[in-house]
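**Student:** Quick mapping for you: the protein sequence lines, in order, are chains Y and A. Counting from 1, one number per residue, gives the positions in the first sequence under this note's numbering. Counting from 1, one number per residue, gives the positions in the second sequence under this note's numbering.
Among the hints, erroneous ones may be present.
[Claimed, not checked] Okay, the calculated beta carbon distance ranges per label pair:
| id | chain 1 | residue 1 | chain 2 | residue 2 | range |
| --- | --- | --- | --- | --- | --- |
| 1 | Y | D63 | A | S145 | 43 to 53 Å |
| 2 | A | S30 | Y | G147 | 17 to 27 Å |
| 3 | A | R76 | Y | P81 | 53 to 63 Å |
| 4 | Y | E75 | A | D127 | 21 to 31 Å |
| 5 | Y | G147 | A | A407 | 32 to 42 Å |
| 6 | A | A222 | Y | E75 | 53 to 63 Å |
| 7 | A | E93 | Y | G51 | 27 to 37 Å |
| 8 | A | A192 | Y | G147 | 40 to 50 Å |
| 9 | A | A369 | Y | G147 | 20 to 30 Å |
| 10 | Y | R160 | A | D127 | 49 to 59 Å |
| 11 | Y | D63 | A | D127 | 19 to 29 Å |
| 12 | Y | D63 | A | P147 | 50 to 60 Å |
If you're looking for bench data, these hints aren't it; they were derived computationally from the structure. All C-beta atoms, glycine included, are put in the ideal place defined by N, C-alpha and C.
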Amino acid sequence: MLLGREDLNDALESRRLIVTPILDQRQIGRGAIDLRLGTEFLLLQRTRRAGLNPAVENQREVDELQERVVVQYGEELWLHPRHFVLAATLEFLRLPADLCAYVVGRSSWGRLGLVVATAVFVHPEFRGCLTLELVNEGDSPICLSPGARIAQLAVHRLERPAESSPGEEEKYRAPVRPQPSRLASEHEHAEFRKLSALGDTLRSRLG
Amino acid sequence: MDGNPSDLTLLLASAQQEIDGLRDDPRMSSLEAGSRGVALRSHVLDLIGAVEYRVAQSPTPSSPEPERRAFARSMRQSILVLRGAHAALPWLEATRRPTLNLGSLYLTEDCARSLVGNDVDLVVVPDPEFMYSTTSWMFSAVVISTPGFVAATTRRPIVLNYPLSDSDRLLLHPIFAHELGHAAVDEHRLVADVEAALDNDPSFVAAFGKAVTDMEALWTAASPTQIAGTVRASLRQWIEELLCDHLAVEALGPAFLWAFSSFVMPLSYGVPAQSHPPNTLRTRLLITHLTERGWRAYLDRAAPNIMSWLDGIAADAASPIAMPYSFLRDQLLAYGQVLRDTALSRAGAHAMSPAEAEVGANEAADLLAETILPNGTHGPLDGRSILLGGWQHAFVEHGDHPGGIVAATRDRQIQELVGKAIEMSVVEQTWTEEA
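Pulled out of the complex, with its shape left as it was, chain Y reads as follows:
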């Protein structure tokens, strides 16, 4: 069930749902909460490497490809056509076990060609600032200003609370900055190795 304004206000007041700071009460809309753009960005640097293969690279190599940039309040970052940056929401969120959410763009920005998130699902018990994957799909550069209302959070109630199971580690624990991909982490590498072994086994069946 999608939470409307009254339910959102109830959840926020009881602090079951935390979205902080809410600078303006008008951020809480009829079916979503507007989220603002934070001050830190991760820009993909030019590189002499062939590309990114998360199954092979180590996490440090992936991190080094990204430059962390702070854009202060009152300053701007121009996003050029087809360019991609990672940003974070200004707001810190905490969802309880019975709520999940989707982060989606605001239509005003979308009509300029801005896509704010490709990984849109926010799982129950998430805490932290959301990483936004910003892409300019339009033909004209777009000016981004920290603090601008750039996305919205549509909150849904689960029919049954989804508590995290033991050993289910969060890849991004209460982040407050944009987080680079963790596909090159050891945990994910183990999965890639397993897939590779699976491929080898299946191939050997033919030979």
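Knowing the structure of chain Y, use the given hints to seat chain A on it.
**Tutor:** Just chain A, lined up with the frame of chain Y:
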């Protein structure tokens, strides 16, 4: 011989080259009024202006030799300072791309305003050496020694250096308050105030005279005047360092004591230096100050074992040390109240009090315990309380012992949350005020 026509030609060409190098550098491009670095840039332009003013007074080849030689000396000094001014270029760049956590930057700027005054331009830059330090009015040697030249800069430029690896180690950043203390001491001539109070007391004057007499037997090659000068110079430096500690305590309370213990105590224990008192004495005076300002019960609640460890260090302040350091120590212990009163008077209404801060610090610590941004439940908490709450929670996470105080400053999660919370607290307060 210096000052001959060839020498003057060399010096004028060299000075012009340095001036052009500075002026043409893109990092010297103008900054928006009110931005960080405006006074620093203006100070560099004053230096250039002062040197150009000197150049305009250059003697002719037929001028008397003493005049030409004096000018050559003044040009060499100018060129040296102009070359040093290139250091300001990366500082100016740093104002456009801050590497320091924004929350910490805002807190440090608040400290600068409360300790130094409103008329400051703070530039915080990473230092290639692993050290915290500060400089202000860095090029004034040339500017003020150019009679007839009128400088345009009125705001004090302050450059704070910090180890780049400490960008996000918020729990160590109370050390900035100590560094800003140096600018406050200079701006408000606080060492002179303390020195005057000591010199007005006959018992201090007698003790100083006796110390000089005692030193004569040890420093047989030095005259009593030289000995008195050396002891006086150390006294002033110790007073300045201790005043900076006390100012930091007034600005940030116990967070400074803990940051000091984590960063400074591993560097030296009870060894005095000409410029710095032993850390045992500093610890003792810090604890006395915090106790006098009503923080002791809080300190014992937040980290009783660490306080017991620090009390032990403070007790070691009485250990034997050589002359003249024992004289300096004994006098500064005896006149500690003057130091504390001077710091409190400077901080004024900005002084941090336990009654106001503890509630907020507890709230911040409770939020951190739930891994929630500690910016306040019912409105923004004061940044200083958030910092204190960060330390409180760090002791819970990493232990109430000397190892825990170091581990706390390595905890990325706590410090990122603290930094973000301070940033959000400032943003929310400013937003509300503007509304």
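**Student:** Would you list, in rising numerical order, the hints stated earlier that this structure does not obey?
**Tutor:** none
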